[in-house]
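Trainee: When you get a sec, could you build the whole thing from the sequences and use the hints?
Chains as they are written, first to last, in the working numbering: chain V, 1 to 626; chain P, 1 to 381.
Honestly, I wouldn't trust all of these hints.
Cut-off 30 Å, straight-line C-alpha distance, at most; resulting in silico cross-link-like pairs (BS3-like, lysine-lysine) [claimed, not checked]:
1) P:K139 - V:K5
2) P:K188 - P:K375
3) P:K139 - P:K188
4) V:K5 - P:K15
5) P:K188 - V:K5
If we take Cβ atoms under 10 Å as the criterion, some of the chain P residues that face chain V in the derived model are [claimed, not checked]:
6) K238
7) Q256
8) M332
Rather than coming from a laboratory, the hints here were simulated on the basis of the structure. All values reported here derive from a predicted model rather than from experimental measurement. Cβ atoms here follow ideal geometry from the backbone N, Cα and C, with glycine treated the same way.
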Amino acid sequence: MRRDKQEAQAQFNRRALLMGAAGLGVFAGLGARLYSLQILEQERYRTLSDDNQFNFRLQPPVRGRLLDRFDQPIAENRDSYRLMIIPEQAGDPRAALERLSRFMPLSEERIDRLVREIRRSPRFQPVTIAEDLDWQTFTRINLHLPELSGITPDVGEVRTYPHPQTFAHVTGYVQSAPPESANGDPLLLHPGFRIGRAGVEAAAEDTLRGEAGQLKVEVNAYGRVIRELPDQSVPATPGRDVRLAVDLRAQRAAMAALDGQAAAAVALDIQTGEILALASSPSFDPNSFVLGIGQEEFDGLNTNPYRPLFNKATTGLYAPASTVKGMAALAALQEGEFDPSEEVFCNGSTRLGNRTFHCWRREGHGRVNYHEAVKTSCDIYFYEAARRLGIERWRQMALTCGLGELFDIGMSIPQRAEGLVPSPAWKRARRGQPWTTGDMYNTGIGQGDLLASPLQLAVMTARVASGRKVTPTLFPREPGHQFESLGFDERYREMVHQAMRAVVHEPGGTSYWTLDAGRGLGIEGVEMCGKTGTAQVYSISAEERAAGVRDQEDLPWRLRNHGLFIGYAPAAAPRYAVAVVVEHGGGGSTAAARPARDILRDLVQRDPSARPVGPIATGPTPSTEG
Amino acid sequence: MGVFTQSVPRGFREKLYEVNWAFVLLIVLIGCIGVGMLYSVEAGSWDPYASRHALRFSVGVLLMIVVALFPPRFWMGIAYPAYLGALILLVGVELIGVTAMGAQRWLDIGPIRMQPSELMKIALVLALARYYHDLPEEKVSSLGGLIVPGIMIAAPMALIIMQPDLGTSLLLGATGAAIVFMAGLSWKVIAGGGLLGAIGGNIFLQYGLQDYQRARIMTFLDPESDPMGAGYHILQSKIALGSGGATGKGYMQGSQAHLNFLPEKQTDFIFTMLGEEFGFVGGIFVLGLYALVLANCVMIAASCRSTFLRLVVMGVATTFALYVFINVGMVMGLLPVVGVPLPMISYGGTVMMTVLFGLGLILGAHVHRGAEPPKGAGLFG
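Mentor: Below you can see the structure in the form of structure tokens.
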């Protein structure tokens, strides 16, 4: 018994020692593992630890401003208070958003949408909850931040357009880059970043954007920034400002003159080709697009029959109608097809084969030479002029004056805005029919297949007025810029010039009464030149005439004629050219003549070209010549 | 009085003199390291962890000494009732337990929230030690001598695994197995049992695990496969340890810990923080202290005359060693993530009380090493 006990004690001690040894062996193993982690692999883990601790935050660059010719900002930046949510930190996103909704309005619907978005995005990537918060809301949320885990406030810059409706079609707007276009560029994926999506914003994107910087920050495991390390950061390079040739006041005058009608106006400096005003009416507020336009608002813009989103000034195409008659008269005189004194008898219509071509004035103009024909816009004279010139020479004149030409004005203009100057080859290709004298008649008075944009009409006006190859641009040109001559015969150009002066200032001129009985600009000692035009949209049939539809005002709006007017001033030394198209403006050219006169008057009175535009301090503006 | 003295101290003062004060000092040193680390967790604040830890630890050390003064006969007497009580509480957890963090582990009794599985860790050791104390030597490897301890171990394991708490269940199993081994189980039975255990374990791994437990094991095998998910904690813990290097980043300078890359740094991952701030030197020092505690335990066990005390010491020491091994192995990426704290350093009340109570039993075994309680009226008379 005693021996058994001793035996048992010895066995126990052996086993206790065995277990103790095993335990110490395990501890030695732990020590070895510790050695491998902390001594052998220290470098690797130290790097990983530094990666954990330090992070580079993308610093989006501040976008350059857009300025008018007098450095008035037309697109600038302002602070925007944003809220982001970091899904990883927020726990249940719905609960987090509902907590947040105690401090700011967040509809159920919006929460649903955000929750879906949060579920889709990576857990560590911030999702924007709200942008452009007012200061009160922003500070209130900042105050309650400790209760709102996962919510991060942020101050960014957002594009703002201080003259909302005025420049929408010129500036275009900025928006978030479409994710598929980002190509992994972190700047484009940055929630606060916007790129130009239309207008000059898109065209001058490279100049305006600048370069992103990197801010080195110390973060904790949740990505919350503990400390910023500015001395190890790369600051963002701000984008450069871009100065435009447009004149804020002229643009305003143009928009006011168009008065919400479906209309467009282009004003050019004849000497430099600078576009002083490029107005398309009605307009829209580009600010709405920056933070994401609501579906309802967008649908409203999109279905509006006045087409506010469409840039009529550069892209709208209209039959130029009688506005081409100055140019046609110049061609007829230069080519010797008409002697300045030669008259045509207008009795209101002329027959060609079995068709009758009418003059706009049913009772006829009587005997008219080139001067009377331009002044009274006699169609019969220009049928004859077109017939004598033939399509090739007529067309050559139109092309010389800028019709059918696409201009690189510094923002993209769609190819379809080229318009059309028809030719026999075009007609055969398009319709499979030969060119006829009837086609020539129609083209001769600016109707038929002829199509031009308001921008082209303004260029035509400037070229006829100066005899030089004026090309338009949205960006400033060097003062004293000279365009090459078009080689017009100065004698005849002066005659046409006088005839276009007569349109406004001589009794019988088509704009004599509409522009206040020859007072024109209404500025003492300054005269203007012009030419009216009426583009037929719908032909009133005999039956309708019998049923009492007498004139344009009796037709529905969309069937009424377009009213056009081209003009330039001062007549003594032409400097400003303007073209106005009022869609469905109705009878005659009243609709367009007065807006054009108002724009010209504003330009002449202030003479914006008197103040030279030099190179901008922040950097060169993109060249648009050539 | 030497280690092998056979006499048994009787009076209070005599017993106090017999207390192994070097051992107590070792324990206190580890506790102080815990307080220091918890002070660092809150970046130099006593609130909320360090001060409470210090208070609880002080109370726990007093409790430990009080436990050490009770005679072994007392513990033998309450061994079976304590075991049965703990078992009933475990059943109670199944029925009315409070669910927290996806597991039913707590029992609310009035104001007290308790974790019966912690109670069971001590109760199982006492009950098995009592059983083998009463069992005649030659019956240890008999069929009857295997079935009763087998049931005593398996019953709480099964109840705890249902909570579900795989870690604690395996800890109990390992402690029980260690006691059975120390009781003198023949090597033949051990080999056979090992084979059976391996087969049973495999079956269990296949069918007995919850999905999240299986995921943890898979993540443990390849933590980098899921760096933002379940593997995140292990990866961050390894980064913290590794970046600590030889001498560490300095007290309260651990960037991983203080920038919140470390989860649960006041409890399960406190060794990581220690390793980050004090480096290899600090980690080895703490592991060394624990190893010293274990070596002391083995020496105390060997010095005890009674089977009961020997088995109690080795059982408690096994639990203690497993705590350290599982916790440190986990934060170093050697073991799956299971919620096991680092004894006396991790923040947490119940576990610290259990550990100090157990150490009190060991300390008491040293005091009463010469005692030889009679075989009680055990199941085998």
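Trainee: Please go over all the hints and tell whether each is borne out by the structure.
Mentor: Now the hints, each set against the structure:
Between K139 (chain P) and K5 (chain V), the direct Cα distance comes to roughly 14 Å. Compliance with the 30 Å bound is thereby established for this hinted pair. Proximity of K188 (chain P) to K375 (chain P) is assessed by CA-CA distance (about 27 Å); at most 30 Å being required, the pair is judged to hold. Simply put, K139 (chain P) and K188 (chain P) have alpha-carbon atoms about 14 Å apart, close enough for the 30 Å limit, and the pair holds. Note on K5 (chain V) and K15 (chain P): the hinted pairing holds, with a Cα-Cα distance of about 27 Å set against a maximum of 30 Å.
Of the supplied pair hints, the one linking K188 (chain P) and K5 (chain V) holds, its CA atoms being roughly 22 Å apart against a limit of 30 Å. A least Cβ separation of about 6 Å between K238 (chain P) and chain V falls short of the 10 Å threshold, and the interface hint therefore holds. Hint on Q256 (chain P) holds. Least Cβ distance to chain V is approximately 6 Å, under the 10 Å limit. With a least beta-carbon distance of about 5 Å to chain V, the hint placing M332 (chain P) at the interface is held under the 10 Å criterion.
Of the numbered hints stated above, none is contradicted by the structure.
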